[in-house]
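Work the whole structure out from these sequences, hints included.
Now for the letters of each chain:
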Amino acid sequence: MPARRALTLLVVASVAALAVNLLAGPTSLQGQELASALLTLRAARGLTAYLVGASLAVAGVLAQGLFRNPLASPDLLGTSAGASFAGKVSILLLSATFGHGSVGGLAVEAWLPIGCLLGALSALLVLLALAKRAPDTVVLLLAGFLLSSLFLGLGSFVTSLAQESWELGRAVIAFALGSVTGAGPRQVATLAPIALIGTLAAFAWARPLDLLLSGEEEARVLGLDVARARRWCIIWIALLTAGAVAVGGNLGFVGLVVPHGLRRVVGVAHRRLVPAAALGGGVFVLACDMVARALPSRTEIPLGVITDLIGAPLFLGLVMRSQRRLLHG
Amino acid sequence: MVELRVHALEVTIRERRILHGVSFQARAGELLAVLGPNGAGKSTLLRALLGLVPHGGEVRIGGVLRAQLPAHELAKKASLVPAQSQLTAALRVREVVALGRYSHRATQAVNDARIERALVETDLVAFADRAYSELSTGEQKRTLLARALCTDASLLLLDEPTASLDIEHALRLFVLLRALAADGRTVVLVMHQLEHALAFADHALLLQRGKPLAFGPARDVITPANVRALYGVDMIERDAPGFRLP
Numbered sequence: 000m001p002a003r004r005a006l007t008l009l010v011v012a013s014v015a016a017l018a019v020n021l022l023a024g025p026t027s028l029q030g031q032e033l034a035s036a037l038l039t040l041r042a043a044r045g046l047t048a049y050l051v052g053a054s055l056a057v058a059g060v061l062a063q064g065l066f067r068n069p070l071a072s073p074d075l076l077g078t079s080a081g082a083s084f085a086g087k088v089s090i091l092l093l094s095a096t097f098g099h100g101s102v103g104g105l106a107v108e109a110w111l112p113i114g115c116l117l118g119a120l121s122a123l124l125v126l127l128a129l130a131k132r133a134p135d136t137v138v139l140l141l142a143g144f145l146l147s148s149l150f151l152g153l154g155s156f157v158t159s160l161a162q163e164s165w166e167l168g169r170a171v172i173a174f175a176l177g178s179v180t181g182a183g184p185r186q187v188a189t190l191a192p193i194a195l196i197g198t199l200a201a202f203a204w205a206r207p208l209d210l211l212l213s214g215e216e217e218a219r220v221l222g223l224d225v226a227r228a229r230r231w232c233i234i235w236i237a238l239l240t241a242g243a244v245a246v247g248g249n250l251g252f253v254g255l256v257v258p259h260g261l262r263r264v265v266g267v268a269h270r271r272l273v274p275a276a277a278l279g280g281g282v283f284v285l286a287c288d289m290v291a292r293a294l295p296s297r298t299e300i301p302l303g304v305i306t307d308l309i310g311a312p313l314f315l316g317l318v319m320r321s322q323r324r325l326l327h328g
Numbered sequence: 000m001v002e003l004r005v006h007a008l009e010v011t012i013r014e015r016r017i018l019h020g021v022s023f024q025a026r027a028g029e030l031l032a033v034l035g036p037n038g039a040g041k042s043t044l045l046r047a048l049l050g051l052v053p054h055g056g057e058v059r060i061g062g063v064l065r066a067q068l069p070a071h072e073l074a075k076k077a078s079l080v081p082a083q084s085q086l087t088a089a090l091r092v093r094e095v096v097a098l099g100r101y102s103h104r105a106t107q108a109v110n111d112a113r114i115e116r117a118l119v120e121t122d123l124v125a126f127a128d129r130a131y132s133e134l135s136t137g138e139q140k141r142t143l144l145a146r147a148l149c150t151d152a153s154l155l156l157l158d159e160p161t162a163s164l165d166i167e168h169a170l171r172l173f174v175l176l177r178a179l180a181a182d183g184r185t186v187v188l189v190m191h192q193l194e195h196a197l198a199f200a201d202h203a204l205l206l207q208r209g210k211p212l213a214f215g216p217a218r219d220v221i222t223p224a225n226v227r228a229l230y231g232v233d234m235i236e237r238d239a240p241g242f243r244l245p
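These protein sequences, in sequence, are chains Z and S.
Okay, so the first sequence: first residue is 0 according to numbering that gives the first Met the number 0, each after it adds one.
Okay, so the second sequence: first residue is 0 according to numbering that gives the first Met the number 0, each after it adds one.
Don't read these hints as lab results, they were simulated from the structure.
Label pairs and their calculated CB-CB ranges:
1) S:Lys75 to Z:Val10: 34 to 44 Å
2) Z:Gln162 to S:Glu72: 53 to 63 Å
3) S:Lys75 to Z:Leu199: 22 to 32 Å
4) S:Leu212 to Z:Val225: 30 to 40 Å
5) Z:Gln162 to S:Ala66: 53 to 63 Å
Backbone N, C-alpha and C define an ideal beta-carbon position, used for all residues, glycine too.
This is the structure we're talking about:
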């Protein structure tokens, strides 16, 4: 399929998914005001899910370009876990500072993305230092896995500390599982600028990312300031991941599956891959959230569980297909 | 005009001296062959010229100290065709060639025209929309050459450019390199075929275990004595079958 047509289809799919999200479900509430409030909440939740998906998918494109590895993604490299751990610490610290009553209040929401950003940046810097010492793909992925395990372990410790208070424990667990259930206009306002700026920045770095496909040395010969490119890519990956994790929690596989799948459709050139990933990631997470809403359950299944359940087999299928292609041409 | 001037170049990697005391120069419009057995330091020399490995000594390109040139300025003055590229992605050939224009702030039309010219020069027009990763090694090599040509650099460094080329494309490449030299560019190429060096190079630099054995006009330098000292083989001067483009 030509790349331009694929991008058009993704735009159409985005509009359709947002419309279905808005209109699906009961709307015949008594009273105009109630119905309008419900639609506003639904729109905010849908938009939040869409922006979380777009952010994670674009962060995935950047990570894969920076590490020259199609298996790199914020969750596999430990970036999401780092952001999630720092997010939990932020919730805990904020509750200690402002008291339990304000955990779900403005202060937490204002500070959470910054905490997540610091966590994501730390994880990426550690990984980059390791990648420079041992540039091998397997070592990099193992280091990412170890880093992810370390942050998840530390995160579990923070979760256990939070159990001392019922309200705090619930807030930390809800954050860890990943959900956009309670998202409102405030979450949209927090994530929209991050997703927009991050995606535009990734698009602006499309040519340097293409250059990096040839390796750092060749990119340098062709005129790229590699250190600067690396620095900025890390900042944008961290920002996008932190924004997504702060608002939607630690959603797995989005940054991995979406760019990986779309690369086959729009090609590897980043000026097409970045917008495609933003649109495709948005549609993917929004669709996952609609599944979460539609599944009959006493309590809603967390969004992170749905993205894992859909993303894991999808990724396995993509890997198997590449292996078959390698074997049979 | 001297385009490339190298003085007392030294490269030491992990306490092992790879190059020492290498001095030479290449003029605009000249084709310089760097020769030597495996491990003589030929590829390291090319990388050192571009500052890709830490080194001692001095490298001047177009009269300017290379160390003073920022990456984007250096890319417009010197370009490298590596022996093996790290590029494995399925970028289209045209997209790979376009990477050579990164340092140029030119209009899309100017860039497109330059890319088309490079594709024609390297006989790649028919492959322009194919994925780079699906090409043969020789075709990939020509793509990398087209990418380097697109930079419009006055100094062109090529590491074993004919290693994977069939005889027709190897000869075409030398004809193209001679044309580029005639156009005022300086071409420095690492190579193994002494007969090609004799046929096409103006000057030759012979490297032996990181040290220059001889530097000068190709015919004066590629002598039986130097070949014996360098490779341990005898140079036979007799009529042998040769090949040329029709």
